[in-house]
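Chains A and B supply the protein sequences, listed in that same order.
In terms of the working numbering, the first sequence opens at residue 40 and continues consecutively.
In terms of the working numbering, the second sequence opens at residue 40 and continues consecutively.
Derived from the structure by calculation, the hints contain no laboratory data.
Honestly, I wouldn't trust all of these hints.
A pair counts as met if it fits within one copy or between any two copies, since identical chains are not told apart.
Straight line, CA to CA, 27 Å or less: simulated DSSO-like cross-link-like pairs of lysine-lysine [as the list claims (entries may be wrong)]:
| id | residue 1 | residue 2 |
| --- | --- | --- |
| 1 | LYS296 | LYS341 |
| 2 | LYS42 | LYS296 |
| 3 | LYS341 | LYS302 |
| 4 | LYS296 | LYS201 |
| 5 | LYS324 | LYS42 |
| 6 | LYS302 | LYS324 |
| 7 | LYS201 | LYS253 |
| 8 | LYS345 | LYS324 |
2 protein chains.
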Amino acid sequence: MNKIAIVGSGFIGRSWSILFARAGHPVQLFDNDAATAGQAIGIIETSLNDLAAHGLVDDPAAVLGRITIGETLAETLDGAVHVQEAVSENLDIKSAIFREMDKLAAPETVLASSSSTLPASTYSDGLPGKHRCLLAHPLNPPHLVPLVEICPAPWTDEASIKRTWALMDSIGQTPITMKKEVPGFIVNRLQVALLNEAFALLEDDCISASDIDKAITEGLGLRWSVVGPFETIDLNASGGLSHYVQIFANQYYEMMKDRGTVKPWSDDVVSIANDAMREAMPLEKIPESQARRDTRLMALAKLRNKAE
Amino acid sequence: MNKIAIVGSGFIGRSWSILFARAGHPVQLFDNDAATAGQAIGIIETSLNDLAAHGLVDDPAAVLGRITIGETLAETLDGAVHVQEAVSENLDIKSAIFREMDKLAAPETVLASSSSTLPASTYSDGLPGKHRCLLAHPLNPPHLVPLVEICPAPWTDEASIKRTWALMDSIGQTPITMKKEVPGFIVNRLQVALLNEAFALLEDDCISASDIDKAITEGLGLRWSVVGPFETIDLNASGGLSHYVQIFANQYYEMMKDRGTVKPWSDDVVSIANDAMREAMPLEKIPESQARRDTRLMALAKLRNKAE
């Protein structure tokens, strides 16, 4: 198993470490901030024990044993076939670390960013090794939600894209490949499209925020966790997707066309949604709710593992 | 347990029968087409055995024993506390059956339509009992996806809305309540908002249709089956939803604003999506895919039952 380097030991970097190490890779984790790096192993150990308790890791001690902290970036990248960057969401910081990584990493090593907003072209432009730079964006939390968006810069070579896809697939993640850079990539655009309509329905006073959440968890989201949006409509007409579109597209267009152009979310509607959240759960209980979310995601992950 | 009347014995009517009878209600099922009605019990029996095999029904014979076929609409509605209409999606047919149902049902009995597109105001207007007419729209398949959208007409009384909410809740469904009629109700508007962006990404040649489906089943949809869209963003910033909006709303607006107004799906993009579906699965295999979808939904339903 080839060595993987993780740069940045915050939540996302630790989660990547778990994913690669669980699949058997030796992982070296680096952070410019030695104090943060020093705490990482302890936090990873707690996560691994939690995953083991839910049947998602067989031997947490063995997984932990494959993860080491690098003293320097050079040591961390030495011998790594893949570098997964997970530093702060800041273009200057990303650009600086990509410059350094490109100097230190072996020529064939892929340099992948975990950024949720910054495309690879913005921090790899001008680098000698820009052809092996790309985005590999996980969802939150990465070790419980398998999707990884791979998005190449215009100059990323095909080999780097393919190697990253194969690596992500081999560790049990689900990679998808964008053909070009688009602001927000895929997942956030789909998420925001739905949120725009959710906020609009709230602003029109059609329904409460908590009922909109239920419409998704107990309805659309439940179904979409099993069949995607295109397959959903493909399975809902005897002649498949094009038949479904024939029947429904016109009324769907009529029902949505009055929304006009995309609008910013108003302060008022954000207050309504936020008040509804706080009424259901005070701010200090957010960590409890995150833990409940993750417990449910772990149960789903286990169910999916069994189904395979 | 009070008697429930189901009018229309197609897929949705049969599914409602299962839901109410499983919860212990005596159910009488009526169809204007005697041949369709005659086949209903046999099909329901098969479904019940399937549900029992997945641990979702304890005693399928007992459930089946609570379901009878009504000879006439009058007999079917006699003594029923709730009538769930599930006839064809056609305004004339719905109007005619609501006129008849309003004549025959006891004064306090709620008359609920399962329509996915026609609001209750369009077929209850002018009826003496229009105050007890409303929409109670299930998702497909109703006995595996718990959400029910309750949408009153402008003249529906509060008591009918509350009784319907309590009834749906008592049989294990998850009711949500709209405050007024909006074309498409809630779920289809949210679904179409996401589909519009999915088709636009496909039209821009950013990604394949099957990768968009994966972005949902392995990412957004998986997470949304556990936390709704508002709770998702509420849990993704330390200060909750309003803090998340502070950080991200502007870039979300910038990234989506160029989409302009809602456009009809073009024939070209529908072909691209349809071709992708057919490449993955020929038309004659749609029933197999539906069965696979339902098997997965049954596994999720069982997992959710255990978690309660």
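Evaluated hints:
1. Neither within a single protomer nor between protomers do LYS296 and LYS341 lie at most 27 Å apart by alpha-carbon distance, with minima of 42 Å and 39 Å respectively.
2. Neither within a single protomer nor between protomers do LYS42 and LYS296 lie at most 27 Å apart by alpha-carbon distance, with minima of 52 Å and 42 Å respectively.
3. Within a single copy, LYS341 and LYS302 get their C-alpha atoms no closer than 40 Å, and across copies no closer than 41 Å, so neither meets the 27 Å cut-off.
4. In this homomeric assembly, LYS296 and LYS201 never come within 27 Å of each other (Cα to Cα): the closest approach is 40 Å inside a single copy and 32 Å across copies.
5. Taking CA atoms no more than 27 Å apart as the test, LYS324 paired with LYS42 passes in neither setting, with 39 Å inside one copy and 43 Å between copies.
6. Taking the closest pair of Cα atoms, LYS302 and LYS324 never come within 27 Å of each other, the shortest separation being 31 Å inside a single copy and 42 Å across copies.
7. Proximity of LYS201 and LYS253 under a CA criterion of 27 Å is satisfied inter-copy only: 17 Å between copies versus 39 Å inside one chain copy.
8. For the homomeric pair LYS345 and LYS324, the shortest alpha-carbon distance between copies (24 Å) is at most 27 Å, but the shortest distance inside one copy (32 Å) is not.
Comparing the model with each numbered hint stated earlier shows that hints 1, 2, 3, 4, 5, 6 do not hold.
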